[in-house]
Structures are given as structure tokens and as C-alpha cells.
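Asks: Below, each chain spelled out in residue letters.
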Amino acid sequence: AQTVTQSQPEMSVQEAETVTLSCTYDTSESDYYLFWYKQPPSRQMILVIRQEAYKQQNATENRFSVNFQKAAKSFSLKISDSQLGDAAMYFCAYRSEGNDYKLSFGAGTTVTVRA
Amino acid sequence: DTGVSQNPRHKITKRGQNVTFRCDPISEHNRLYWYRQTLGQGPEFLTYFQNEAQLEKSRLLSDRFSAERPKGSFSTLEIQRTEQGDSAMYLCASSSRPGQSYEQYFGPGTRLTVT
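If you read the sequences in order, they're chains F and G. Heads up: take any position in the first sequence, counting from 1, add 3, and you land on the numbering used here. Heads up: take any position in the second sequence, counting from 1, add 1045, and you land on the numbering used here.
By construction, these hints were calculated from the structure, which means they are not laboratory data. Everything numeric in this text was worked out from a predicted model, so none of it was measured. Among these hints, one or two may not hold up.
[Unchecked claim] Computed cross-link-like contacts, DSSO-like style, restricted to lysine-lysine with a CA-CA straight-line distance of at most 27 Å:
id, chain 1, residue 1, chain 2, residue 2
1, F, Lys58, F, Lys73
2, G, Lys1116, F, Lys105
3, G, Lys1102, G, Lys1056
4, G, Lys1056, G, Lys1116
5, F, Lys73, F, Lys105
6, F, Lys105, F, Lys81
7, F, Lys105, G, Lys1102
8, F, Lys81, F, Lys58
9, G, Lys1056, F, Lys105
[To be verified] Derived contacts from chain F toward chain G, CB cut-off under 8 Å, selection only:
id, residue
10, Leu50
11, Lys105
12, Phe108
Idealized CB from N, CA, C, for every residue including glycine.
With the sequences and hints as input, model every part of the structure.
Replies: This is the structure:
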């Protein structure tokens, strides 16, 4: 079974600054996908960014980028130029290439943005 | 495309009662997933459907839980003889075919409180 660990329950960032969220995972598989999802308070979860394990290049989506270290099984999310709307719970998730139906989530990191 | 919808958004019930939740996926999405999220934790996979076939069930899904997707469109999740430990957010997600990497789109969830 795959486990996903997010060791930071809470992170705080000043508006316009940068924050990095950590995620590590445990797997014996070589092909898989990693995701960061954002869950704003009382709103639905949305996908922020996706990384395919076979790609060495780190994914980037506007102000969001990842640092994918496959050997270290690490997948961190960097939010640049933080905005008030970035305040949310962020979940790291793993999906196997073989069992392609199931997302395994970490416990989440709550991000607060200070004006 | 109006996104994944779930009804009701909130449900308060007394222990021992039966409850049923509904999920309407994004139209033409052939996969539908149910997850459970307890306070302060990430979602946990419960079950998924491909069209009308239920293909996988987590061991979290005790025999008091049943899910259906009778015509391959909407799905229902029923919990019989509710217990206080069933209190959680129940999330539904849907996804399309491999061409879009089975990206899962989540609904707003149904929050169940068992008193």
C-alpha cells in the first residue's frame, strides 16, 4: 500500500511571498502520478498541479511549481507570489499507474495568507 | 458542464437511522468515485464505478454501506444503521477516459453528522 506523508499541518505566508509545502510518499512502483489538490474552506477540492513519475521535468502551473525528487520520493509544492485566495487546505496525493482508480491522500497542510 | 454535484450538502441524523446521498457526475464521465474525509484528514477511497459496474470496494466500506450507479449516470451511497463513527464528509468524484489521465473532479461533498 502506498502512504503519503505531509509533515506540516499548518503553514503561514505573507501576501506576495513564497511558501513551500512538503510531501513524501512510499511506493515500490516505478510508474505513478502525483498531485496537489487545493480545498478552500467549505468549497470543493480542485486540482492544482500534476506530475507524471516518468517525466524528469518538474511541472509548473502559473504561480505553482513542484520539486519532484523521484529517488528521494519527495514531491514539494511551491506557491510563489502568494495571494489571499491561496488560503486553503492543500493535499498531496498519489495514484498508481496500475491501480489507476484510487487516489491516496496525505493528511493535508493548512495554508494561511497574511495581508 | 456544471461540475460534480452532491445532495444533500448537509445531513444530520440520529444513530441507527439510514441515510442516502446522491452524486451527479460530470456528464459523459464514465468513472465515479466515493471518498470519505474525516476532520483534519485527507480523503480515503471507498469505492468506484466504471459505467454501472462497481469495480472496487475498500475494506473501509463495511456491510452497512452500499453504493449503486444503476444507469451509469448518477450514483447513490446508502449507510444503514448509522453510527457516530460514520460522521464525516462524503466526497464524490468523476473522471473521463485515459486520454485525460483519469483526472478526478470532485464535488462539494455531503457532510454527515450522526448524533
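Asks: Take the hints in turn and mark each one as holding or not.
Replies: Hint check:
At most 27 Å may separate the alpha-carbon atoms for a hinted pair to count; F:Lys58 and F:Lys73 meet this at roughly 10 Å. Distance restraint check for G:Lys1116 and F:Lys105: the Cα-Cα separation of roughly 22 Å lies within the 27 Å cut-off, and the hinted pair is therefore satisfied. Using a Cα cut-off of 27 Å, the hinted pair G:Lys1102 and G:Lys1056 holds, with the two alpha carbons roughly 23 Å apart. Between the alpha carbons of G:Lys1056 and G:Lys1116 the distance comes to roughly 25 Å, so the proposed pair stays at or under 27 Å and holds.
For the hint linking F:Lys73 to F:Lys105, the alpha-carbon distance of about 20 Å falls within 27 Å, and the restraint holds. Of the supplied pair hints, the one linking F:Lys105 and F:Lys81 holds, its CA atoms being roughly 25 Å apart against a limit of 27 Å. Distance restraint check for F:Lys105 and G:Lys1102: the Cα-Cα separation of roughly 10 Å lies within the 27 Å cut-off, and the hinted pair is therefore satisfied. For the suggested pair F:Lys81 and F:Lys58, the alpha carbons sit about 18 Å apart, so the restraint of at most 27 Å is met.
The straight-line distance between the Cα atoms of G:Lys1056 and F:Lys105 is roughly 26 Å, inside the 27 Å bound, and the hint therefore holds. With 8 Å as the threshold, the beta carbon of F:Leu50 comes within range of chain G, its nearest partner Cβ sitting at about 6 Å, so the hint holds. Given hint, F:Lys105 at the interface with chain G, holds; its Cβ is 5 Å from that chain's nearest Cβ, closer than 8 Å. At its closest, the beta carbon of F:Phe108 sits 3 Å from a beta carbon of chain G; the interface hint therefore holds under the 8 Å criterion.
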